[in-house]
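Participant: Chain by chain, the residues run as shown.
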Amino acid sequence: SQELEQSPQSLIVQEGKNLTINCTSSKTLYGLYWYKQKYGEGLIFLMMLQKGGEEKSHEKITAKLDEKKQQSSLHITASQPSHAGIYLCGADATYGNKLVFGAGTILRVKS
Amino acid sequence: NAGVMQNPRHLVRRRGQEARLRCSPMKGHSHVYWYRQLPEEGLKFMVYLQKENIIDESGMPKERFSAEFPKEGPSILRIQQVVRGDSAAYFCASSQGQGLGEQYFGPGTRLTVT
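Going line by line, the protein sequences match chains A and B.
Under the working numbering, the first residue of the first sequence carries the number 1, and numbering increases by one thereafter.
Under the working numbering, the first residue of the second sequence carries the number 112, and numbering increases by one thereafter.
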């Protein structure tokens with residue numbers, strides 16, 4: 001079955017620093033999704049990647065999918081307190097829209 | 112354009128009672144997914160529905176759980192005879208069409224079974 005591994009499990013960074021979160025799949029992906037979740041709240045859609053080598057950016061967040069479509073990274077530039085939360089990667093490995101999620105990365109940003 | 116709506120946001124039930132969770136997809140979306148987030152566990156797929164059809168229910172517990180998405184009205188996730196282990200956050204997501212597509216999540220319903 002599809003498994004997604006996220007690293008690190010948690011991260012504390014100083015405001016203004018850059019950071020990277022990784023997501024590795026055991027299988028080739030049809031689609032890779034990144035979401036952000038605030039504790040006790042719903043998931044906010046960030047980006048979806050489909051093609052090998054694809055890269056997307058939104059404000060200070062950039063996500064990449066490797067050529068083999070098994071690994072993705074989420075990079076935040078000049079982190080701010082508003083970036084704090086839980087980042088989840090989700091994968092569609094069956095082309096059926098059923099997403100499998102990683103365990104999440106907890107990000108804290110110190111002012 | 113309103114996002115995915117879920118209600119209630121919080122639901123408390125005693126053991127043995129029924130829980131009904133509602134989800135209204137985003138405007139223009141005809142595909143609904145339910146996920147469950149248990150305490151200290153990740154987000155797990157439960158069921159995928161289109162209007163009047165269950166497409167994939169491979170993540171649904173075999174007993175006590177059912178889901179529907181009628182022609183009119185919201186999608187309903189129903190849990191009969193709730194037990195303490197059903198306490199979790201239940202999220203609904205919707206997408207526009209079949210195949211790869213952006214899934215947008217609702218705020219979730221937090222079910223507590225006492």
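Certain hints may be false.
[What the hints assert, rightly or not] Computed, partial: chain B to chain A, Cβ under 10 Å: (1) Phe156; (2) Phe176; (3) Glu179; (4) Tyr215; (5) Pro218.
[As the list claims (entries may be wrong)] From the derived model, a few chain A residues whose C-beta atoms are all more than 10 Å from chain B: (6) Glu15; (7) Thr20; (8) Thr24; (9) Ile44; (10) Glu55.
[Unchecked claim] DSS-like, lysine-lysine: derived pairs with alpha carbons at most 25 Å apart: (11) B/Lys155 <-> A/Lys64; (12) A/Lys36 <-> B/Lys162; (13) B/Lys155 <-> A/Lys38; (14) A/Lys27 <-> B/Lys155; (15) A/Lys64 <-> A/Lys36; (16) B/Lys162 <-> B/Lys182; (17) B/Lys182 <-> A/Lys36; (18) A/Lys38 <-> A/Lys51.
Treat the hints as calculated values from the structure; they're not laboratory data.
Here a beta-carbon is modelled for each residue, glycine too, at the ideal position from N, C-alpha and C.
Participant: None of the hints should be skipped; say for each whether it holds.
Facilitator: Hints versus structure:
1. Nearest Cβ of chain A to the Cβ of B/Phe156: about 5 Å, under the 10 Å cut. The hint holds.
2. Taking 10 Å as the C-beta contact cut-off toward chain A, the hint placing B/Phe176 at the interface is violated, the least distance being around 16 Å.
3. Here the hint on B/Glu179 is broken, as its CB sits about 18 Å from the closest CB of chain A, past 10 Å.
4. Using the Cβ-Cβ criterion of 10 Å, the hint placing B/Tyr215 at the interface with chain A is satisfied: the shortest such distance is roughly 6 Å.
5. For B/Pro218, the interface hint holds, the least distance from its beta-carbon to any beta-carbon of chain A being 4 Å, beneath 10 Å.
6. No Cβ of chain B approaches the Cβ of A/Glu15 within 10 Å, the least distance being about 27 Å, so the stated non-interface status holds.
7. The beta carbon of A/Thr20 is kept farther than 10 Å from every beta carbon of chain B, the shortest such distance being approximately 21 Å.
8. Under the 10 Å C-beta cut-off, the non-interface status given to A/Thr24 relative to chain B holds; the minimum distance is some 15 Å.
9. At roughly 8 Å, the least C-beta separation between A/Ile44 and chain B is not larger than 10 Å, which violates its mark as non-interface.
10. Against the 10 Å criterion, A/Glu55 stays outside the reach of chain B, whose nearest CB is about 17 Å from its own CB.
11. As the CA atoms of B/Lys155 and A/Lys64 are separated by approximately 24 Å, the hinted pair is consistent with the 25 Å bound.
12. About 28 Å separates the Cα atoms of A/Lys36 and B/Lys162, which puts this hinted pair outside 25 Å; it is violated.
13. Simply put, B/Lys155 and A/Lys38 have alpha-carbon atoms about 18 Å apart, close enough for the 25 Å limit, and the pair holds.
14. As the CA atoms of A/Lys27 and B/Lys155 are separated by approximately 18 Å, the hinted pair is consistent with the 25 Å bound.
15. Of the supplied pair hints, the one linking A/Lys64 and A/Lys36 holds, its CA atoms being roughly 16 Å apart against a limit of 25 Å.
16. Between B/Lys162 and B/Lys182 the alpha-carbon distance is near 6 Å, which keeps this suggested pair within the 25 Å criterion.
17. Under the criterion of a C-alpha separation no larger than 25 Å, the hint pairing B/Lys182 with A/Lys36 is inconsistent with the structure, at around 31 Å.
18. Between A/Lys38 and A/Lys51 the alpha-carbon distance is near 28 Å, which puts this suggested pair outside the 25 Å criterion.
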